[in-house]
Amino acid sequence: MKLSKRLKAISDLIPNDSKVIDVGADHALLDIHLNKYKNCSCLATDISPYCTEKAKENAIKYQANIETLTNDGLTGLKLKDEIIVISGMGTKNIIKILNFDIHNDLIISSHTNIEDLKEFLISKNYKIEKEISVNDKKDYTIIYAKSQD
Numbered sequence: 169m170k171l172s173k174r175l176k177a178i179s180d181l182i183p184n185d186s187k188v189i190d191v192g193a194d195h196a197l198l199d200i201h202l203n204k205y206k207n208c209s210c211l212a213t214d215i216s217p218y219c220t221e222k223a224k225e226n227a228i229k230y231q232a233n234i235e236t237l238t239n240d241g242l243t244g245l246k247l248k249d250e251i252i253v254i255s256g257m258g259t260k261n262i263i264k265i266l267n268f269d270i271h272n273d274l275i276i277s278s279h280t281n282i283e284d285l286k287e288f289l290i291s292k293n294y295k296i297e298k299e300i301s302v303n304d305k306k307d308y309t310i311i312y313a314k315s316q317d
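Residue 169 is where the sequence shown starts when you use the working numbering, and the numbers rise one by one after that.
You may find that some hints are simply not true.
Stated by the list, open to error - Calculated lysine-lysine pairs in the DSSO-like style (CA-CA distance at most 30 Å, straight line):
| id | residue 1 | residue 2 |
| --- | --- | --- |
| 1 | 173 | 224 |
| 2 | 222 | 264 |
| 3 | 305 | 222 |
| 4 | 264 | 286 |
| 5 | 187 | 224 |
| 6 | 298 | 170 |
| 7 | 305 | 295 |
| 8 | 264 | 295 |
| 9 | 295 | 176 |
| 10 | 298 | 286 |
| 11 | 286 | 206 |
| 12 | 222 | 187 |
Hints in this document: simulated from the structure, not taken from any laboratory.
Go ahead and model the full structure; you've got the sequences and the hints to work with.
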């Protein structure tokens with residue numbers, strides 16, 4: 169299984185043995201890679217039951233031990249020390265998902281309005297630790313942010 173350049177860049181930001189919640193995981197290729205090659209514990213969530221089912225099928229196909237959940241963003245999840253990954257959606261959706269009291273490390277790749285996303289993170293007392301640009305058929309910005317609370 170080969171990751172896209174964007175997903176590989178996200179993976180490179182995640183330390184071995186991390187706990188990860190991937191919101192909007194789609195088919196969970198990032199989670200499978202993290203579990204198999206970085207020994208990460210991953211929860212792949214998606215609002216689409218179809219995507220969650222594909223994620224389960226891919227986990228079996230690639231022999232990865234990940235959890236999957238059909239869920240709307242972070243709703244109802246008890247957050248602890250997980251790294252939250254949100255990739256592949258626009259800034260408005262990302263802000264909607266993150267617009268409550270959380271303090272987890274974040275790795276975010278928005279398709280739109282990067283400056284609005286950065287302003288939102290700063291308003292929520294996050295510090296942008298890294299900002300990476302990746303060209304994967306188009307330009308993507310990946311942000312790694314830490315809560316200052």
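A quick look at each hint next to the structure:
Proposed proximity of residue 173 and residue 224 is supported: the alpha carbons are some 23 Å apart, at most 30 Å. Simply put, residue 222 and residue 264 have alpha-carbon atoms about 25 Å apart, close enough for the 30 Å limit, and the pair holds. As the CA atoms of residue 305 and residue 222 are separated by approximately 24 Å, the hinted pair is consistent with the 30 Å bound. For the suggested pair residue 264 and residue 286, the alpha carbons sit about 14 Å apart, so the restraint of at most 30 Å is met.
A distance of roughly 18 Å separates the Cα atoms of residue 187 and residue 224; the hinted pair therefore holds under the 30 Å criterion. For the proposed pair residue 298 and residue 170, the alpha carbon gap of about 24 Å is at most 30 Å, so the pair holds. The suggested pairing of residue 305 with residue 295 holds, with an alpha-carbon distance near 29 Å, which does not exceed 30 Å. Annotation: proposed proximity of residue 264 to residue 295 holds, straight-line Cα distance about 19 Å (limit 30 Å).
Distance hint between residue 295 and residue 176 is fulfilled; the C-alpha atoms sit about 23 Å from each other, no more than 30 Å. Proximity of residue 298 to residue 286 is assessed by CA-CA distance (about 12 Å); at most 30 Å being required, the pair is judged to hold. Distance restraint check for residue 286 and residue 206: the Cα-Cα separation of roughly 28 Å lies within the 30 Å cut-off, and the hinted pair is therefore satisfied. For the suggested pair residue 222 and residue 187, the alpha carbons sit about 21 Å apart, so the restraint of at most 30 Å is met.
Consistency note: the structure conflicts with none of the earlier hints.
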